[in-house]
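**Student:** All chains should be built: construct the whole structure from the sequences, respecting the hints.
Protein chains in written order, with the working numbering: chain C, 1 to 157; chain F, 158 to 270; chain E, 271 to 780.
Simulated from the structure, these hints should not be mistaken for laboratory data. It should be emphasised that the depicted structure is a prediction, and the values quoted were computed from it without experimental measurement. Note that beta-carbon positions come from the ideal geometry of N, C-alpha and C, so glycine has one too. Heads up, some of the hints might be wrong.
Stated by the list, open to error - To spell it out: a stretch of chain F is covered by chain E in this simulated footprint if at least three of its residues, at any positions, have a beta carbon under 8 Å from a beta carbon of chain E; those stretches are: (1) 165 to 173; (2) 179 to 191.
What the hints assert, rightly or not - Negatives, chain E to chain C, calculated, CB over 12 Å: (3) 315; (4) 366; (5) 448; (6) 710.
Listed below are the residues making up each chain.
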Amino acid sequence: MAEQVRQRVARQFGRSLHIRTLDTGSCAVCEQEIRLLGAPHYDLHRLGFFFTPAPRHADLLMVTGPMIRAFDVAARKTYEAMPGPKLVVATGACALGGVYQADAFVHGTVDEILPVDVWIPGCPPSPLALLQGLLVAVDRLAEKVSGLTFTADGAER
Amino acid sequence: MPLWFARGLRRGIVTTRYPARPDSSAAGLPTPPAFRAGMLDHRLADLLVTVCPSRALYRDGDVLQFDVGRCTACGRCQEAAPGAVAPSGEFELAGTSRAAFVKQIPLAPEVGR
Amino acid sequence: MTTLQPRPGTAASLLSAIGGAAPREGDRVVTVPVPAAQLEAAVHHLAAAGARLADLFAADGDQVTLRLVWGLDSERQYLVTETPIDAPEYPPLSDIAPAAFTEECEIYEQFGVRPAGGKPLNRVALPPGAGPDFPRLGHQPQEAPEEVHAPHTVGGQAFEFPFGPVRQAGVESLYYGLVTSGEEIVDLYLFTWHKHRGLEWRLRGRRPAEAMFLAERTEGLSATAISWALAAAVESALGVQPPSGALLTRGIALELERLYNHAAAMAALCQSTGLSVGQAAAEIALERLLRLNAATFGHRYLFGVLDAGGVRRAPDQAALRDGLPGAYGELRRAADALLATNSFMDRLEATGIVTTEQARRLGLVGPVARAAGVPIDGRLDQPTAPYAAYPPALAVRDAGDVLARLRVMLDEAADSVRLIGDLLDAGPAGGTAALPAGGGSGLGWAESSRGEALAWVSLDADGRITRARLRPASVRNWRGFDDAARSQNVFTDIPIIEASFWLTVAGTAR
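**Tutor:** Given below as structure tokens:
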């Protein structure tokens, strides 16, 4: 079932994808890297990706920040305003549970509030890392991280 | 506007070819660490756990758990143990399963008692 | 040590007015205890003498201590007044110094003490519904703050609508309340509690080295400046002087930070006016500058460069000398083309005007203040190494509009390139001094690309932070944004004005 959904997603989103961004408490640097996706060096349009200000028009929600609790309602409303099928990409170390621990201010990780499809680590993830993440989200690149061991003893890298 | 058009043409194309071709600008960026497992004992692992500001490291018995998702590539673990920790050079790290980001680094067995 | 002769407008004259020991000559920061009963008179005295209110914050202890930080810019000193408050109210300071209003609201939320007079206070950091268990730096206030924004009428035809916090793609969340009579902006107010991460609360109990990691991320686009301010506060508290090579490195990093931020602001200005070609040209320059940062210091946004006591990294001098001319040339050519594009210039001129009087009254800092004719620059007014030996040129304009702010940023960018060259030639870079044991308190500062960033810290005998105050420039300057957006501006001007201020929500909400 999950595989069928993924294949459908790849067919539907593989050619053209509209991205909405959601800041749940970032330090503002992840946003700067995301803005640079439209810059000449990276040009996400050549890959069929576009930013949209309208949740109704969006296919993918790119979420930064540690999900500040005071932001929960706005986060859920943004997600629910997007028609299905839709994807959520948790972007940056804060969104993945790094930097801030869960406490009274923050959930610490985006998937406490939203269902996450793709995770992109980094502080901040560079525009290249963001492009890789978006391409993984639409199944145009295979993800690598599960095969990496992060050990260096002559073992596979 | 003709000014801008001419400028643009003269400037040429700076756009990356990624993913069709690798992009060398990635080489300058900080990346999460790779650990030389044979060089890490419990004591060193515990030190690394305390220096990590993002809670990416956790020792569970004879295994050092490394959560790549939480890593900010700040380099403090490398500074604390330069022989045992080096940059991995990996930046294509997006994944679909959160659990796949948590790596188990086997530690050197405790010697003597 | 000689005692200064009291002259009007100095710390000494304040001290002689309220009674106290004269400051030592050459003290960069003078701390004056002021009893609560004399606080109002002291604030009057300082405001009348032209002192600039740089910050107002409180700390908890046996009782709440109120601290006001004043910039005595023409005398190259900071004055910190310390006042224990053992009642729920203190004199209404923002009546005398309007710059203090946001901070008064913040202090009430965190510490439960408020200015006398019953003036309504705004919600600043704590979200609606924050109960008694919500983490605070002090004790809970008796009543929750209420919103101060009264309904507006313009011939009975103004209406008010909230906008945000989720906005267009790639910008931070920000919640505006917009009051309009149609097209014209009657009022504009901001809520930032949805981005409050509680940074100052998190720093308590930490050692300075750990605190630097979070301080950088207060406002990541000012990572160098804010971590410098905190490091300097710690160094002042412990009586440590970083090695000169470390200070040269800090200066290089701070000027690189200034350069890329000004390039990013220029790109945002182009985007806000719909000039895509200009935006693309500015973004090419910005990307080259970020890659230069990575080549020089190992991180595109200069994270991880500073340490308490010095620096963690030395610059790759060859990479910086090699890459800087080309990256700056890119920026300069884009800027020259923009300044020759009339359709662009027309959108900037006379837009978002901040008057000199507004800038002074609200205690604004940075290019926003300098473009409004206020000649303040922390690198000149409060020069510590390396700027004492390598001063920047002061970039000041009069018009106070968006165009003036852009011109100030461009002048500063050119000067930053010159400064980086001087600092590279000045001597070997890098180094760090060990922090001694013990505690103390101190004030630190750095001139970020947005303006003066301040930090104040107190350390206990174990060297752990008991109170860290972080005051990025964004905290000061968002007040000016409300004023700049009103009067003669229309909706489509708001993004232009916002780009020209180039602040962050993260830095204000912390």
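**Student:** Compare the structure with the hints numbered earlier in the document and write down the numbers of the violated ones, lowest to highest.
**Tutor:** The structure breaks none of the hints.
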